[in-house]
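Undergrad: Sequence:
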Amino acid sequence: MLPMIVGGLGVGLIALRAIDALRERSMTRKAENLLCEVAPATRSNGKDSPACGPTYRNVIAEKEFPPLDGITTLYELFKRSASTYPNNPCLGTRKHDAEGKAGAYEWFTYEETEALVSDIASAMTECGVSAHEKCSIYGANCAQWMIAMQACNRQSIYCVPLYDSLGENAVEFIINHSESSILFVAKDKLSTVIQALPQAHKGLRTLVYWGTHDERHPEADEAAEKAGIKAYTWQAFLDLGRKSPAPAHPPKPEDLCTIMYTSGTTGDPKGVMLSHSAVISEVSGLHAFLRQIGEGTSISHEDVVLSYLPLAHIFDRSTEEMFLSVGARIGYFQGDVKKLVDDISTLRPTLFIGVPRVFDRIHNGVISKIDEKGGIAAKLFHWGYKIKSKKLKRNIRCDKATPFFDKLVFSKVKERLGGRVKLIVSGGAPLAGHVEEFLKVTMCAPVVQGYGLTETCAGSFISVPDLNEMAGTVGPPLPCTAFRLEAVPEMKYDPCGNPPRGEIVIGGPTVCKGYYKDEEKTREVLSADGWFHTGDVGELTPQGALKIIDRKKNIFKLSQGEYVAVEKVEAVYKKSSMVEQIWVYGNSFENTLVAVVVPNEEALMAWASQNDVEGDFAAVCRDERTNDYLSAELAQTAKAGKLKGFEQVRKLHVDSEPFSVENGLTTPTFKHKRPQLQQHYKAAIDRMYGK
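Positions 1 to 691 (the UniProt record's numbering) are the ones given, in order, by the sequence shown.
Think about it this way: if two alpha-carbon atoms lie no more than 30 Å apart in a straight line, the pair counts; the simulated DSSO-like pairs of lysine-lysine are:
1. 547 with 682
2. 547 with 673
3. 553 with 574
4. 639 with 553
5. 517 with 642
6. 391 with 407
The hints are simulated quantities; they were obtained by calculation from the structure and are not laboratory data.
My request is simple: use the sequences and hints to build the entire structure.
TA: Now the structure itself:
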């Protein structure tokens, strides 16, 4: 009898597994090549090695990339949505009570937002701001920021965002370089603006500031008056526009909508010129891509996004324009990243966009709490994690792989993003593999990462969700993007090799018009026929996805998305009398810089004798007191050299052996061989990053 029962159970289990296998097959995505070749490879000077690989586009580029129902400018985009969705909530803000506690989101409808845009635009016209002049906006994301920007679109005025991380004098430089006629600023940024006003060019005529209670700011008013500038509160400016309504001055598709300043090289920030047609193409491409990947990821008027990544960057700007295009809601954070969790739980967004640093924090926070809790809960989490991870690697949809564990375990993690996110997008820098896997397992929603630059309207490539073949890649191009790989012979990258590798060169309607008032830098990156050279090196996978593998020049991004020009940083640190040689290192999976320092032997040994640090030069270099001393010295050098926080070295390795031709770490002209240095000091790098 027992053998029959056992045998029956065995048959039952086999049957259940077979049914489960059939169910999984029905939920499994297939990896397909999403590229089509639209131009062949080209060769240069008759040489055997190709200069340029084929030109590629997304397979749906021709039939699934129409304009937005004839919409050609951002003014038309918002005007249509205000007419189609007048009563839909548009821009949301949390008001604070007397104790500073934030309440529920309060919303302007699309109709109300359009009226505010009209009032601000009319006031700008009344103040003499004409079409094709420039308007600077400075402050954290908020409804006023968006309203001022839409007012610029309405009057064909170029929006010029300002932000802090471009350097100490960036605000003054951008106002003057862009020749802005009007400046909108949040009250908490007024002190910076007040310092810049005495050096502002004479064309800056109007200052408008916003704050919690719309109170006047006597110091700002006085500074503006001395500079010959008329200052208004936000409410006073609205009142001015209502008293003097002005007709719209609609832009043309080829007109600029923004001059967006960006760093990335030594010297002053560069003003990237983006047209209305470029951003419209990006929005259209995003919609087409979301339709392409399906699975309920398309954005409609029912969706909600949290605005916290800087509107001064094209990543968030493009996302918000996409939401406005379908009458969806944009909820603004309180302006304090420490309160982001509270904003998320209150708003409960359906799309969440972030940079790797944000997702790193979520990952670390969850894992530390799981480990701290321990017991059955921790075992259940790790058990479910292991099972789901295996199923995801078989391309089973993330929301169908383990319904039991999703409901019992991972739903609690999903609540950290509000509980109803249907798509998570990471951009700005590469997402670490273990964090990408964590999000896919625990958030019960598709996770994608993208790649692009300010010069290409941010999103040029986005990975396809629920495909293991896309892990670690930035996916295929959006339907609005064409690209090719160009040979980098000195780095042995061949676009017609196996696999194809080379510098990523991007074409299509989203590419910028160049850098404002800087033809030399424009010619360095933009070809005569409008192709943008990114300087990043990519590898093409068999599925048509792009993997970022290198950087052609010595500029890289940290995990929070900030560019670091490493030679500039090294030049500052070399000013220290204690430094003989220094090599600074960072990568897109870390948020800080580390360095290897070869000290000046004479200077270091003099310090050692005065501080009872004994031994020869090599022994002194190994002493922890030396590391502490040099770290403090370099911190002072960084401060004197006005390095920004993310440009400052946080950990040091001190070595007594110089970089030389003999040990293969420099060229005959004493330039760093960076790949060799990275390999030589791999153990030290891992130690400094705590690996």
